[in-house]
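*Asks:* Could you put the whole structure together from the sequences, leaning on the hints where they help?
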Amino acid sequence: MTAAPILTVDDLRAYYATSMFGVAREVRAVDGVSLRIERNEIYGLAGESSCGKSTLIRTIAGAIRPPLRVRSGDIAFSFGDRRLVMQTATQAELSAIRWKHLSYVMQGSMSVLNPVRRVRHSFVDFAYRHIGGPMPEFLDGVRSHLHRLDLAPEVLEAYPHELSGGMRQRIAIALATICRPDFIIADEPTTALDVVVQKSVLVMIRAIQQELGSSLLFVTHDMSVHANLSDRLGIMYAGRLVEEAATAEIFSRPLHPYTAHLVRSLPRIGDASTKRGLEGAPPNLAVPPPGCRFHPRCPMAMAVCGQQAPPMEAVAPGHRVACFAVGAAR
Amino acid sequence: MWRVLRDLLRTNRAFAAGVVLLGIVITVALLSFVSPYPPNDAYVVPPDVPPCWAYPLGTNSRGQDVFWQLSVAIRNTLLFGVTVAFISRCLSLVIGLIAGYTGGAIDRLLMSINDTFIVIPLFPILVMLYFVLRDHMSWLLLALAMAGLGWAYDARLIRSVAMSLRTREFTETAIFSGMTTRQVLVQEHLPYVLPIVFSTTMNNINWSIGLEVTLSVLGFTDINTPTIGVMLYWANQHTAMVAGIWWWIAFPVVLVVTTFIGLFLLAVSMNEFIDPRSRLDRVQG
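Protein chains in written order, with the working numbering: chain A, 96 to 425; chain Z, 44 to 328.
Treat the hints loosely; a few may be bogus.
[Said to hold, decoys possible] Partial selection, computed: residues in chain A whose CB lies under 10 Å from chain Z:
#, residue
1, 116
2, 157
3, 196
4, 222
[Claimed, not checked] Residues of chain A clear of chain Z, computed beta-carbon distances all greater than 12 Å:
#, residue
5, 127
6, 164
7, 365
To be clear, the hints were calculated from the coordinates, so they are not data collected in a lab. Every residue, glycine too, gets a C-beta built ideally from N, C-alpha and C.
*Replies:* Here it is in structure tokens:
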């Protein structure tokens, strides 16, 4: 692709620094992550709970609040010909791009709506400031946008508790896409839904994304959702990106031992074999193991794995892995 | 809005009773505007006449018609209560929302002020205020003083709600969409805490009227502005109980008790018409 990637993250380190009763603790939730996201692409981010997925996208969205701090690294967006580095951007620059260029479907997006405000007010509060113009025109735009998501215009006059979970979910997605942003971050937007509603919501997300031509950073631990939706997939483990490739490639040819276990654990039709769990548990990110963070659980661990952290290296075009064993095997 | 009120009147006895009682009190208060006598004039009617056709609530020892005196008194008392409640509600909303939302050092500072106001004894301070000001003591000054002392409990209550609202997704979305702190507080959090504020407003009116009556009966306020408490003060000064002028004491007491009960009933039923969720519960139940 010739155009600059819409999002460039370089060696990002974001730690939770707490100091309680004089004991300073540092939780390295995101530790040296680099990734690029192209235009008109759905980038999936997968990993188990507490592997730093949410922290990573919070940092990318610039929704950083203490105790979360960015220690080093760069996050740069390029919208059209505008380039914006998150660390140096002023508050005014950030609010100028938010919603209009960069929007964020929060985790637990069922509750992004204020329970005591009508849905219309939520749209006006959150999105109107970024669109402007006469109010009736704005509301007409909202109605036609809701129609695209199969929502009746009447939901605007409803309170959130009067709507079903799937409707609220679609409203949350409508809220995030109403300004036709270039980049959408979605943090587990379908986790609370059953698979039937989930499917329809995913189809809608895909349709809206293709219509707007925007990029989507989609986070969930649900691999089946990724298989359905993502173009490219990044696998995170204990605050680091361990493997990144096209989604089909990850599922057909996983290289990193963790990814391999993850993919092998997925049930397949006709496969009656007993699935084996991976021994051990994810490390405590306050005191991560030295070297590769996966080595205490890794069946292919070598001596070097406990001493040095493996770098992220390209093993094939568009396929990057951080593993010494994979490098040695080649 | 009107339909909700009508439904409430039909289905909620407490609300209906509260509306009727307060309606009576407010009617009496409004009648003061057509009073035939200026409120502070004495000896305009024959003194000490028991209730009769010409003077339905009798006349007092100062030659005033008790009914017209009472209507001015209840008007001033109600106005006093509403003023105190309004000012103290504004204070507690601003302080509670800011403390709960911002947290940290600002929260600690505001809450230490808040807790100071909770623990200091109000009554001796108000009495002391009277002794310092004496003749300068006015209706408005007392209202300001009581509003300044009466906001602390509710500020703490609102703070606790605001602290939980701060962590909700809609707050984060609001911040992310670029709303300023003031906008988040006014547009997102204020509608959430208003039901609480409405019901505490009624209680606060009750509290301030009660305290005002107490102070007035003891003569620690401006005794030239007729209020319910001031009426009782003059009745005591003229030894109405000993002289058997019972109507001078009984009617003000009955009217102020009616006010208390009416406001209390409104306070307990108010939530249902403000909060859309409890309104829905009622529709289904």
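*Asks:* Is the nearest Cβ of chain Z still more than 12 Å from the Cβ of residue 164 of chain A?
*Replies:* Check passes; 16 Å lies beyond 12 Å.
*Asks:* Given residue 222 of chain A was flagged as interface, is its beta-carbon under 10 Å from a beta-carbon of chain Z?
*Replies:* holds (7 Å)
*Asks:* Please verify that hint: residue 116 of chain A, Cβ, nearest Cβ of chain Z, below 10 Å or not.
*Replies:* Given a least distance of 17 Å, the restraint on residue 116 of chain A is violated.
*Asks:* Once the shortest beta carbon distance from residue 157 of chain A to chain Z is found, is it less than 10 Å?
*Replies:* Given a least distance of 8 Å, the restraint on residue 157 of chain A holds.
*Asks:* Is the nearest Cβ of chain Z still more than 12 Å from the Cβ of residue 365 of chain A?
*Replies:* For residue 365 of chain A, whose nearest Cβ neighbour in chain Z is about 41 Å away, the distance exceeds 12 Å, so it holds.
*Asks:* Under 10 Å is the threshold here; is the Cβ of residue 196 of chain A close enough to any Cβ of chain Z for the hint to stand?
*Replies:* Because about 12 Å separates residue 196 of chain A from the closest Cβ in chain Z, which is outside the 10 Å limit, the hint is violated.
*Asks:* Holds or violated: is the Cβ of residue 127 of chain A farther than 12 Å from all Cβ atoms of chain Z?
*Replies:* holds (26 Å)
The structure fails to meet hints 1, 3 from the earlier list, while all remaining hints are met.
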